[in-house]
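Chains A and B, in that order, are what the protein sequence lines are.
Residue 751 in this note's numbering is what sits at position 69 of the first sequence, and the numbering runs on without skipping anything.
Residue 958 in this note's numbering is what sits at position 276 of the second sequence, and the numbering runs on without skipping anything.
Simulated from the structure, these hints should not be mistaken for lab results.
If you're wondering where the values come from, they're calculated on a predicted model, not measured in any experiment.
Treat the hints with care, as some may be off.
Stated by the list, open to error - Distance condition first, Cα-Cα at most 27 Å in a straight line; then the derived BS3-like pairs of lysine-lysine:
id, chain 1, residue 1, chain 2, residue 2
1, A, LYS1078, A, LYS693
2, B, LYS751, A, LYS823
3, A, LYS954, A, LYS1067
4, A, LYS984, B, LYS733
5, B, LYS751, A, LYS751
To be verified - The calculated label-pair distances, taken between Cβ atoms and stated as ranges, are:
id, chain 1, residue 1, chain 2, residue 2, range
6, A, GLU929, B, THR991, 36 to 42 Å
7, B, HIS752, A, GLU762, 32 to 38 Å
8, B, GLU857, A, GLY1009, 41 to 47 Å
9, B, ALA1120, A, ASP776, 22 to 28 Å
10, B, ALA994, A, ASP1086, 55 to 61 Å
11, A, SER737, B, GLY973, 30 to 36 Å
12, A, LYS688, B, GLY775, 36 to 42 Å
Note that the Cβ used here is the ideal one computed from N, Cα and C, for glycine as well.
For reference, the chains in residue letters:
There are 2 protein chains.
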Amino acid sequence: MSNLQKEDFSKWYLQTIQKADLMDYSPVRGCIIFKPDGYELWEHIQEDFNKFLRSEDIRNVYFPMLIPKHFLEKEEEHVEGFAPELPWLTRVGDEELEEPYALRPTSETLIGDAFSNWINSYRDLPLEINQWANVFRWEKKTMPFLRTSEFLWQEGHTAHETEENARARTMSALEAYADLIENTLAIPVYRGQKTPSERFAGAVDTYSVEAMMRDGKAVQAGTSHYLGNNFAQAFDIKFLNRNNEHEHVYTTSWGISTRLIGSLIMVHGDEKGLVMPPKVAPTQVILIPVGPWQKNPAILDKLKELQATLRAKGLRVRIDETDNSPGYKFNEWELKGAPLRIEFGPRDLENNQVVVKMRDLDDKETVALDDLEAYITEAMDVMQKRLYESAAARYKENEHYDIDTLDQLKEHIAKSKEEGEVPGFVLIGWDGTEETEAKIKEETGFTTRNIPFNPPVEKEVDIVSGKPAKHTVWIARAY
Amino acid sequence: MSNLQKEDFSKWYLQTIQKADLMDYSPVRGCIIFKPDGYELWEHIQEDFNKFLRSEDIRNVYFPMLIPKHFLEKEEEHVEGFAPELPWLTRVGDEELEEPYALRPTSETLIGDAFSNWINSYRDLPLEINQWANVFRWEKKTMPFLRTSEFLWQEGHTAHETEENARARTMSALEAYADLIENTLAIPVYRGQKTPSERFAGAVDTYSVEAMMRDGKAVQAGTSHYLGNNFAQAFDIKFLNRNNEHEHVYTTSWGISTRLIGSLIMVHGDEKGLVMPPKVAPTQVILIPVGPWQKNPAILDKLKELQATLRAKGLRVRIDETDNSPGYKFNEWELKGAPLRIEFGPRDLENNQVVVKMRDLDDKETVALDDLEAYITEAMDVMQKRLYESAAARYKENEHYDIDTLDQLKEHIAKSKEEGEVPGFVLIGWDGTEETEAKIKEETGFTTRNIPFNPPVEKEVDIVSGKPAKHTVWIARAY
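So here's chain A without its partners, still in its complex pose:
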């Protein structure tokens, strides 16, 4: 990590995303402007997840953004969970509305109501839909991409005949998230179950995939909820089952959001700026003319020809033909995180070759123009895997299994600080009580991330109470 990354990770993050032109601040409290490169990252995430949805025949829909007040109040835990951060539409033109509308924080309520109209018999099940939409949660502390008052997300909503089917969908959605985040964003994730205190408001069980940022803090990267009959009861979603009896459906919901963009930056970025995984990079290949290229039009001509060839292959390729110096351009495109830089000057023209520099490697390579297409495909593929492996290795370094008491945890945190290391993820034993969670949070700022499906070791004793552990849990500081 660079000095600034080590000394003040938040500052590094905020500087980098602005300098790299991913976003800008806006005059709206806690809301950002997604600039073209920032928004394009979201578009690639959408394309990728839409493939999963299509493969499962889960179709996209669009529901109204406004939720009547009495709808939100139907599921008690749900409204309690969201109430403090709900923005309210109370007036149109000069007229006060009789009943205010909330700007949606999530859509279980409106969709539950629709499901109750659309579902009659087991033949209508499963009913599975997805929505790409903007949502609002007016949180006190905001952070670009990671926590904003308005954000973009996808919310899947499904209804099933049986608990078993609903639980299977809950898990397959979680696995689809893990797949997208690991393979497309090159970010390893921790799969597991949330503790009851961290559950979605209204859920029976919440599962998450969690990622570790370079500063050792966690980001909850995606969640999938088994909602049992809770919303089915609140919205009277019944079906005639195979025994000709009326029964409540079992529902699920699951979401990922534009906070994935923040995670991407915080996992891969380095002292020079962003490092974009090739699969989602807005500019995968940047072509930079070098030497006295303005005097020799054949150089730019050749680059344009190359750009056209590569674009025809589906690659995202740009040429930087500004008047800036090559050195300036190299820095600029390293800041933006373009995976592959191609330098091309008079000598390269003569020798029918280019010079290639990968964003995450130090050395340059000379490649014959005839071999370039194959080289690029291979190099991007290898870089995508390298970024994943590099993050996975960092995860391993920052995981701690040998902390058994709160004092040890505090020592670990103090020592990390002293040595300029990150405290990372700590695996603890937990007796299942909220008291333990509260105590850890109060004394260290760490929170439970999830109960991993496959913990690297099983912890025997609760870190606070010393009682026998019911679960082995990841804890960390979190965004």
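Since chain A is already given, all that's left is putting chain B on it; use the hints.
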């Protein structure tokens, strides 16, 4: 047209879109639920228009949905135009906000403010961006897809060095709309300029493409605005020009919305239901097993094989393997407007053939399985053109050039009603005064649609005042 289409076109429309499962009503005033087939139409429109944007290097962004009150007030005409239908966010949780936020009706103001930060010199120009977003206009009368309190749209915003460049973009965006609507949606459009009274609030000039529905009424299908320096002055968007002087930029904005979905239905639909142009149909090919197919598994197997082959070619293909009768299924898929129906039974299996029925033709054809792929590609292509030609022919029948006075117009309307015909589009002479527009509207409900770039004839005399006409204008009743 069917009887219901003729007798009560609105009723036909509302019944058809619900029965065909494109939408449902919602508990939110004037807002609809876009069901999968309805939303997918929008997705195909998005894919298509994104191609235009990419070809012009106009990139997608996302701005906050909320607009601070004082921002909206900076452009006087703009706020006046939108004020009565603006929904206001005034409260978060239990706290009243110091300054309310409007739910965006359009984003010139927030984007203008950002442009003033992003633009410094002519080197930053043109600056061209696009946003796909939800917008709000709380209109008194609503109609599914065509006019809803919340709708989905695309808004392009550009800033230029010169009036000439800005006007060129205004026109090229309009032409891109015409291209999409004519070629992808198979809906012919009338290109022209809006009269000042119908201009976008804050624009110097507004241009539109207008479409004619089966009932002869108009839908404004897309608009493109030349905004001159109006927003540049209101938001202080200045640049250092090539003479080293500070100057205001010239801006444009342009939009199409989910009302295109309504137009699609009202232009192509017939007594049996929707008729989907092949390019955007959610189901392009519906495969229906016929005869005693449940007893002969080879039939369904063959259809599944066929589905896989056609899907691999990029076609959207479904099999209807429900227990309903073939006749029921035929009606169902005609209602949904699937362009191509394939029937397949025991005899077809034996003869290695299928029976094909196009949605808009009466006859069936028998096609050898070996020729089917090529047949489908060709048939869809021909149907796409046929729908366009058929709409264009209907337009011609319902255009009227020979009406010179208000009395003649009233007679024409009365006669149309008597004969069960639609009054359609009427080309009139206009002296350029608002008085004429107001009088026409008051007496007939017709409004000016646009001043066509290439009128079929030039009208010499104003229809109301009898004074020399300054313009030849299309008028019609409009949604």
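Next on the checklist: Taking the earlier hints as the rules, which of them does this structure contradict?
Outcome noted: Violated hints: none at all, because every hint is consistent with the structure.
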